[in-house]
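Colleague: Each chain is listed here by its residues.
2 protein chains.
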Amino acid sequence: MARVVVEVMPKPEILDPQGKAVTGALARLGFEGMTVRQGKRFEIEVEGELDEQRLAQVRDAAERLLANTVIEAYDVRADDAPVVEAEPSLQPSTVGTLTEDVQQ
Amino acid sequence: MARVVVEVMPKPEILDPQGKAVTGALARLGFEGMTVRQGKRFEIEVEGELDEQRLAQVRDAAERLLANTVIEAYDVRADDAPVVEAEPSLQPSTVGTLTEDVQQ
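First to last, the protein sequences are chains A and B. Letter by letter, the first sequence follows residues 1 to 104 in the working numbering. Letter by letter, the second sequence follows residues 105 to 208 in the working numbering.
None of these hints come from the bench; they were simulated from the model. Heads up, the beta-carbon is just placed ideally off N, CA and C, and yes, glycines get one too. Just to be clear, a hint being listed does not mean it is correct.
If you only want the chain A side, here are some residues facing chain B, beta carbon under 7 Å, derived [what the hints assert, rightly or not]:
id, residue
1, PHE31
2, GLY33
3, VAL36
4, ARG37
5, GLN38
6, VAL46
7, ALA61
8, LEU65
Straight-line alpha carbon distances no greater than 27 Å define the calculated BS3-like cross-link-like pairs of lysine-lysine that follow [unchecked claim]:
id, chain 1, residue 1, chain 2, residue 2
9, B, LYS144, A, LYS40
10, A, LYS40, A, LYS11
11, B, LYS144, A, LYS11
12, B, LYS115, A, LYS40
13, B, LYS144, B, LYS124
14, A, LYS20, B, LYS144
15, A, LYS40, A, LYS20
16, B, LYS124, A, LYS40
Using the sequences and the hints given, assemble the complete structure.
Modeller: Pasting the structure below:
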């Protein structure tokens with residue numbers, strides 16, 4: 001299992017209403033001189049060997065689904081951070097309510 | 105002007121409905137063996153010198169506004185990628201409709 005990170009950001013020439021809203025909120029909280037742009041980050045666990053062909057598939061997935069390439073730019077890179085397994089009882093496939101005892 | 109990147113992801117033990125939806129969509133498009141977790145990415149242009157104190161302010165901003173620390177984990181790091189200025193005619197402060205002539 002390998003992990004690939006896809007980062008999607010609004011293109012520089014595109015207005016970024018979300019970023020502007022966050023920028024305004026930070027200023028109201030007293031954080032001066034910070035201008036924010038907001039995008040998305042995808043961590044993709046890829047089964048099997050992460051060869052060039054597999055990485056090309058992830059790029060294709062980014063192009064077709066993860067990014068709106070008219071207004072967004074994306075970056076795809078293999079991530080060598082250790083894959084953190086969710087606790088067995090909370091595997092994503094487990095149907096259940098949000099657990100209350102999430103440690104701080 | 106320096107740039108700091110803040111990455112916010114759902115904690116591993118937390119169910120990620122957005123990620124599950126994207127995972128399902130990828131499978132329907134024929135992308136097999138990919139499990140997706142979705143988070144947010146903030147690029148913050150910080151005025152002035154990016155010293156430890158300034159970086160601590162960004163961490164504080166992440167803790168208080170950018171991340172919901174009950175269900176999300178965040179990472180803050182200085183980013184040495186060149187700051188890409190938006191074209192003068194499309195500065196974020198420019199009020200106007202989304203331009204149609206965005207080059208592919």
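Colleague: Hints first: check each against the structure and report whether it holds.
Modeller: Right, here's what the structure says about each hint:
1. PHE31: Because about 5 Å separates A/PHE31 from the closest Cβ in chain B, which is inside the 7 Å limit, the hint holds.
2. GLY33: holds (3 Å)
3. VAL36: holds (5 Å)
4. ARG37: With a closest approach of 5 Å, the A/ARG37 hint holds.
5. GLN38: holds (6 Å)
6. VAL46: holds (6 Å)
7. ALA61: Holds, about 5 Å.
8. LEU65: Since chain B brings a Cβ to about 6 Å from A/LEU65, closer than 7 Å, the hint holds.
9. B/LYS144 to A/LYS40: holds (4 Å)
10. A/LYS40 to A/LYS11: holds (13 Å)
11. B/LYS144 to A/LYS11: holds (16 Å)
12. B/LYS115 to A/LYS40: Cα-Cα ~16 Å, so holds.
13. B/LYS144 to B/LYS124: Since the Cα atoms of B/LYS144 and B/LYS124 sit roughly 16 Å apart, the hinted pair holds (cutoff 27 Å).
14. A/LYS20 to B/LYS144: holds (15 Å)
15. A/LYS40 to A/LYS20: holds (16 Å)
16. B/LYS124 to A/LYS40: Holds, at about 15 Å.
In this structure, every one of the numbered hints holds.
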